[in-house]
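The residues making up each chain are set out below.
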Amino acid sequence: MDELDRDILNELQRGMPICERPFQVVAEQLGTDEAELLRRLEAMQEEGLLTRFGPLFNAQRMGGALTLAALAVPKERFDEATAIVNAFPEVAHNYAREHWLNMWFVLATELPERIDGVIAEIEEATGLKVYNFPKREEFYVGLHFRA
Amino acid sequence: MSVSTSVREPAPAIDTLDALDRAIVLATQAGLPLVPQPFHAIAAKVCARPEEVMARFERMQANGLIRRIGAVPNHYRLGYRANGMSVWNVPDHRIGAIGPRIGALPFVSHCYHRPRHPPDWPYNLFAMVHGQDRAEVGLQVAAIAELLGSDDQGHEVLYSNQILKKTGMRFGV
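Those sequence lines, one after another, are chains A and B.
Residue numbers for the first sequence follow this note's numbering, beginning at 1 and rising by one.
Residue numbers for the second sequence follow this note's numbering, beginning at 1 and rising by one.
Careful, some of the hints might be misleading.
Here are the simulated SDA-like pairs of lysine to any residue, each with C-alpha atoms no more than 25 angstroms apart in a straight line [stated by the list, open to error]:
1. A:Lys75 to A:Pro89
2. B:Lys165 to A:Val141
3. B:Lys166 to A:Glu28
4. B:Lys165 to B:Ala27
5. B:Lys165 to A:Pro89
6. B:Lys165 to A:Glu98
7. B:Lys166 to A:Asn10
8. B:Lys45 to B:Gly172
9. A:Lys135 to B:Gln153
10. B:Lys165 to A:Arg61
11. B:Lys166 to A:Thr32
12. B:Lys166 to A:Leu68
13. A:Lys135 to A:Leu111
14. A:Lys75 to A:Arg61
15. B:Lys45 to A:Lys75
16. B:Lys166 to A:Glu80
17. B:Lys166 to B:Asp92
18. B:Lys45 to B:Ala30
Simulated from the structure, these hints should not be mistaken for lab results.
Build out the structure end to end from the sequences listed, making use of the hints.
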């Protein structure tokens, strides 16, 4: 990753304009050209530096729902439980954490009432209790990591 | 290292998506094509005019349905190797006053009030912290503890050791 890659990531985490040639606009700001910017983005996506490029939807404002949930998975069943949990399309993110609650995932559903259904299905499929941590209040959501 | 730039949530209001909005969401939730005219590419996919598709994106962004159109880096790969979810047991009547102050710290990327699950889980304040290594995160957690003072009635840091999935939300499944 060179200086230009860093500039691209820092700039594009803030967002991209909505216009006919958005990459051209951003490229000009960064002192490069559209083709080079697109080439860099593709390369960073292939290398896994860029997880995603596109609109970030706010599930809740679209009428859907989100929650954070956790499982205490026995070590020997961790891979199996990971496969079960990840197979649910409603699981947007899933992280392994060093704790007795060792699997933490975010559920995003189009219908709010579906959250409880997915939780019940995960409990059924894993045989484990799901701890549900819906947000009561959001104090801060940052969207920018300095590259 | 710092994690910065806040986006305040606009007042909650739910916008109803019509058929075209929905088609646009489904066509772009996995990502935007990396081509010179991405909105034109989406327009072709959903059988609409590019101007109309751009207008829909503008509106969804203005209404907060889209937080932004942009890049999501893998923060581990950017050098944030220590990523901890710090969780705190804070008196309920104090959390409304304290939460925004914790959220305002430069190294906190997300901060929420979430329910306890007594007796297993006494924590009600969640703050995600990120650093180059655990020593750096340890200092960040100490700074939060200092800010909380006697309102810190116990805390833990849950370090992540693997991203198991990171696809973002998917509608229409």
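Check each numbered hint from earlier against the structure, then list the numbers of those it violates in ascending order. 3, 11, 14, 15, 17
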